[in-house]
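Colleague: Can you build the whole structure from these sequences, using the hints too?
Every letter in the sequence shown is one number past the one before it in the numbering used here, and letter 93, counting from 1, is 86.
Rather than coming from a laboratory, the hints here were simulated on the basis of the structure.
Mixed in with the good hints there might be a few duds.
Derived pair list, reagent style EDC-like, types lysine to aspartate or glutamate, alpha-carbon separation capped at 20 Å [stated by the list, open to error]:
id: 1; residue 1: Lys127; residue 2: Asp20
id: 2; residue 1: Lys39; residue 2: Glu5
id: 3; residue 1: Lys127; residue 2: Asp45
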Amino acid sequence: MSENGARATRVESLDRTTWQSRQVHADHIVLSASPIETVCLLWTSKSDQHPDGVGNNADPFTRVMFRKFFHESMSIGAAIRESGGEIVGADPSSSVLNAWEQVWEMSNVVVADASAFPRSGVAGTTLTVMAHAKRVCRHLARGSNSAKA
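Modeller: Here you go:
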């Protein structure tokens, strides 16, 4: 659970053809775009409560590493086995996500893609992403909104 009880209430999108803004309200928001897009979405989700974007409260070193990952990934054209950027950890000062892949500061925002992984290894991440997504969705379906199992 987020320390301050903050919760996301909606997602806003922009139609690339008409430039019309659309808002969707939800109890939980699950991001599963790709590591680069998920990092970008969280960084650009700025508000008065989150002036640096949601999930960007980690220590300065961690934020620098996330930005380094992002810029390197973009410069190589989004590698096939991209991962990282929103790392899972036990401490909100050194990670973005808790054990249930919830953003520390906003527990109803869940990341279910390879951005939660520190690295991809030698194989693709697709099956692991699917397993993680199933795990976190079961957790949400049980009605749990905390990092406790």
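Colleague: Indicate, hint by hint, whether the structure satisfies it.
Modeller: Here's how the hints hold up against the structure:
Restraint check for Lys127 and Asp20: the C-alpha separation of about 18 Å stays at or below 20 Å, so the hint holds. A C-alpha spacing of about 12 Å is found between Lys39 and Glu5, which places the hinted pair at or below 20 Å, so the restraint holds. With a C-alpha separation of about 30 Å, the suggested pairing of Lys127 with Asp45 is violated against the 20 Å cut-off.
Checked against the numbered hints listed earlier, the structure breaks hint 3 alone; every other hint is satisfied.
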